Amino acid sequence: ILNVEQSPQSLHVQEGDSTNFTCSFPSSNFYALHWYRWETAKSPEALFVMTLNGDEKKKGRISATLNTKEGYSYLYIKGSQPEDSATYLCAPYNTDKLIFGTGTRLQVFP
Amino acid sequence: NAGVMQNPRHLVRRRGQEARLRCSPMKGHSHVYWYRQLPEEGLKFMVYLQKENIIDESGMPKERFSAEFPKEGPSILRIQQVVRGDSAAYFCASSPDTGSDYGYTFGSGTRLTVV
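For the record, the sequence lines run as chains A and B.
In this text, residue positions in the first sequence follow the working numbering: the first is 1, and each later residue adds one.
In this text, residue positions in the second sequence follow the working numbering: the first is 111, and each later residue adds one.
Here chain B stands alone, though its shape is the one from the complex:
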């Protein structure tokens, strides 16, 4: 029973390139959340998705960042034209239903380094 799978674990991109981060939720979970951890900071909410829908993107920067969770396949967090300030650990979590009563299951994260 695989947990939340994130790949790649580490990603290095040059400034201006695109970064694509993937997250496959736990089996049976239809709610996906993306969080970002900047150096020396805590987990900051970015976006909450259900299949084919963005429910809450209040934590997502308005430009260059987008997220999707298609009917088939993993959730994708896409960062276009990356800058050094995008270097961070990006964590994905999933839950079986809206999370007030259910703990989140986290993936191992993708560490993005922009050079």
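Next up, chain A with everything else stripped away, as it sits in the complex:
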């Protein structure tokens, strides 16, 4: 069973703060890492698919980096807004499917 760890488990920030969270995964047999955003009462939505060591992806104020040699990825949110409040999941690709971490729950207060 692939061990995927995300930290912190939850995070409360003020509007305008920048924040980041970590995803750790086994570095052996790496294929790809996905990031998802999951708002309450909705479905998980794909943010990034990352495959190469050193990859950096960006979508608006959200960006992610990947280190496959040491087995971690960071997700950054610049200038958090209340609409960024959600659970952020990472999922390494293992053999033929994604294995999800338990997520970081972000709450942004106005």
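Simulated from the structure, these hints should not be mistaken for lab results.
No experiment lies behind these values; they were computed from the predicted model shown.
Among these hints, one or two may not hold up.
No more than 27 Å apart at the CA atoms, straight line, and that leaves these computed lysine-lysine pairs for DSS-like [as the list claims (entries may be wrong)]:
(1) B:K154 to A:K42
(2) A:K59 to B:K137
(3) A:K78 to B:K154
(4) A:K78 to A:K42
(5) A:K69 to B:K154
Given chain A, put chain B in place with the hints provided.
What follows is chain B alone, placed relative to chain A:
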């Protein structure tokens, strides 16, 4: 362009009954994945199917659970003789090809309550 459709959204079953959960993948997607979210836990992989084939069922309990994705029609996750511990949210996702390069598109989930 409808996304992944799951039904029903909510399902209540008495202990011992059968539960059938349906998932229609996004148009053009031939790969279907089922995940279960138990209360206070994350998404746990259950099964991966392509049309008429089970590719990986390593996350599926050995008894009472089965899944299919027929040539025509939706994918079905079937739970026989449900018990209280089966109460969970069941999510289906689809992708156009093997998922390492493609993000999954998720359905809204079926919330199963066993009473």
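Status of the hints after comparison with the structure:
For a cut-off of 27 Å, the pair hint linking B:K154 to A:K42 stands: about 17 Å separates their Cα positions. Distance check on the hinted pair: A:K59 and B:K137 sit about 25 Å apart at the alpha-carbon level, within 27 Å; holds. Between A:K78 and B:K154, the direct Cα distance comes to roughly 30 Å. Violation of the 27 Å bound is thereby established for this hinted pair. As the CA atoms of A:K78 and A:K42 are separated by approximately 23 Å, the hinted pair is consistent with the 27 Å bound.
Distance check on the hinted pair: A:K69 and B:K154 sit about 26 Å apart at the alpha-carbon level, within 27 Å; holds.
Going down the numbered hints, you'll see the structure goes against just number 3.
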